[in-house]
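Asker: Required output: the full structure, derived from the provided sequences and hints.
Protein sequences, first through last, are from chains A and B. Residue numbers for the first sequence follow the working numbering, so the first one is 0 and each next one is one higher. Residue numbers for the second sequence follow the working numbering, so the first one is 63 and each next one is one higher.
In case anyone wonders, no lab produced these hints; they're calculated from the structure. Mixed in with the good hints, there may be bad ones.
To be verified - Taking lysine to any residue pairs in the SDA-like style, the calculated list, with each CA pair at most 20 Å apart, reads: (1) B/Lys103 <-> B/Lys131; (2) B/Lys319 <-> A/Gly30; (3) B/Lys319 <-> B/Thr306; (4) B/Lys299 <-> B/Ala320; (5) B/Lys299 <-> A/Gly30; (6) B/Lys131 <-> B/Thr97; (7) B/Lys319 <-> A/Pro75; (8) B/Lys319 <-> A/Gln51; (9) B/Lys319 <-> B/Thr295; (10) B/Lys105 <-> B/Asp95; (11) B/Lys299 <-> B/Ala322; (12) B/Lys105 <-> B/Thr127.
Said to hold, decoys possible - Covered by chain A, per the in silico footprint, the following chain B stretches (three or more residues, Cβ under 8 Å): (13) 95-106; (14) 197-209; (15) 232-242; (16) 326-337.
Since the structure is predicted, the reported quantities are computational estimates derived from the model, not experimental observations. For glycine and all other residues, C-beta sits at the position ideal for the given N, C-alpha and C.
Take a look at the letters that make up each chain.
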Amino acid sequence: MVSTGLRRALVSLVLLGTASVGTAQVSEVKGNVDATGIVASVDIRTGTVTLQDGRVVRVTPGTTVWQPVTIGSVMPGASVFVRNAEPLDFRPASPSAVSQPYQMGTIGTVTPASSRVVLSDGTVVQLRPGALVTLNGQPIAMTELRPGDEIIVGLPGRSAVTTGSDVSALPRQTTGVILAERIYVVRRPQAP
Amino acid sequence: MRTRVTALIVAVLIVAVGASPGHARTFGQMIDDATTVASVKGKLAADRLSNLWEIDVKASEGVVTLSGKVDTAEHRDRIAQIAGWASGVKSVVNNIQVTGAEATSAKAPTADSGRPTTSGTTNGATTIDVTGSVATKDPATGTLTLADGRVVRVTDATTIWQSGTLQALSPGAPVLIRDGAQAGLEGDASRPGASRPGASRPGDWRMGTVRRIVPATGELILADGSVVNVSPTTVVKRGTERLTLDALQPGWEVVVKAPAPPETATAEIDVVWAPTASVR
Chain A
0 MVSTGLRRAL VSLVLLGTAS VGTAQVSEVK GNVDATGIVA SVDIRTGTVT
50 LQDGRVVRVT PGTTVWQPVT IGSVMPGASV FVRNAEPLDF RPASPSAVSQ
100 PYQMGTIGTV TPASSRVVLS DGTVVQLRPG ALVTLNGQPI AMTELRPGDE
150 IIVGLPGRSA VTTGSDVSAL PRQTTGVILA ERIYVVRRPQ AP
Chain B
63 MRTRVTALIV AVLIVAVGAS PGHARTFGQM IDDATTVASV KGKLAADRLS
113 NLWEIDVKAS EGVVTLSGKV DTAEHRDRIA QIAGWASGVK SVVNNIQVTG
163 AEATSAKAPT ADSGRPTTSG TTNGATTIDV TGSVATKDPA TGTLTLADGR
213 VVRVTDATTI WQSGTLQALS PGAPVLIRDG AQAGLEGDAS RPGASRPGAS
263 RPGDWRMGTV RRIVPATGEL ILADGSVVNV SPTTVVKRGT ERLTLDALQP
313 GWEVVVKAPA PPETATAEID VVWAPTASVR
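Answerer: Structure, rendered in structure tokens:
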């Protein structure tokens, strides 16, 4: 009788252990990610968020957490990330730039050797010699540009946009090389 | 006379017993299918983008088949996604055809830089992602002006995310975590297609966001620059819906299951999130 009870207890422990192994499944993988989803659970102690799709993401000092709001409820001063918005205008504090044609974008890759920046939408930005690059109004070197930086590309004029023939051999009719006279870095990812 | 009545009763009983279960099940299925179709149509009607096209919806035992024509691949996928959210839907067969050159050019990859990572087009207009501090807003026109001077319009495809904290999150809440560390992957038997019993060991999987596809070389390029090798045997899916590699769109978030040696191509690509309609 005792041995049967003991056996049952052992079996229960083994099953419990198996279940734990089956649900823990936590392993560290290098590389930060963006994850969008519905929260399944939050562990404040470990700083992890488990999404309903099974992804477990740990919040680090460089991580930002965002929740959706409506335009009606967002308040001036609030930090927002607006996804898939239509660019309308650029009205910087510096009046010197107001009359300049521009294009907004996010940096995908930077190649300082060729003075080229590729935006995340595939647009290639070729910096003209002497092009001014600023971050918070302060000049920076092109080598300081980083992937993820949100930028405004100041264009010299309509003629500065060329065809995509030197960009790609594959068909992407809308992609071209933009000659940049100035680049304003308006936002960059938080440093870890 | 009595014999005839008895025979008639017996005949009716035989028909009732023999046929009723079959007819009842068929009738029940018909009701279920009709309910599913109504549910899908209701979801589509509630979505302004999907409402622009006439989409035919059929259902059979939870399998919904969509057909019709739309202008872009994004809209085709969006409609299938919405249909997948309707109650009673177990899987979606997406036979919607994409017409127009816009969709063709939008799906064309480039050798140099690829398709957009986080921006694209909405009804032909270029869209961008912006992060910053709100200076002013105009809900009437849907415009937001950021403190850095950028002015953007919020469209039906736009989502506004406001900075929050870990402590403020609660189960069931939608969330976007940017630059988070990949900490694990749990199977979830409650969501069809989400269980990954073989993907729990370290190095077996990785998360990422699609940057572009290179069909010629069978490569999936993630936003962080990493390259995922894909073979014809690689399973690409979103929930229970099987996809082809070129159906993947920039900005989609995926979980990639590593190959089992000696294979070199990834075994499975699971789309876990795709951009959806906005919260305006």
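Asker: Now, for every hint given, state plainly whether the structure supports it.
Answerer: Hint check results:
| no. | hint | verdict |
| --- | --- | --- |
| 1 | B/Lys103 <-> B/Lys131 | holds (16 Å) |
| 2 | B/Lys319 <-> A/Gly30 | holds (15 Å) |
| 3 | B/Lys319 <-> B/Thr306 | holds (16 Å) |
| 4 | B/Lys299 <-> B/Ala320 | holds (15 Å) |
| 5 | B/Lys299 <-> A/Gly30 | violated (23 Å) |
| 6 | B/Lys131 <-> B/Thr97 | violated (24 Å) |
| 7 | B/Lys319 <-> A/Pro75 | violated (42 Å) |
| 8 | B/Lys319 <-> A/Gln51 | holds (18 Å) |
| 9 | B/Lys319 <-> B/Thr295 | holds (13 Å) |
| 10 | B/Lys105 <-> B/Asp95 | holds (15 Å) |
| 11 | B/Lys299 <-> B/Ala322 | holds (19 Å) |
| 12 | B/Lys105 <-> B/Thr127 | holds (15 Å) |
| 13 | 95-106 | violated (count 0) |
| 14 | 197-209 | holds (count 9) |
| 15 | 232-242 | holds (count 11) |
| 16 | 326-337 | holds (count 3) |
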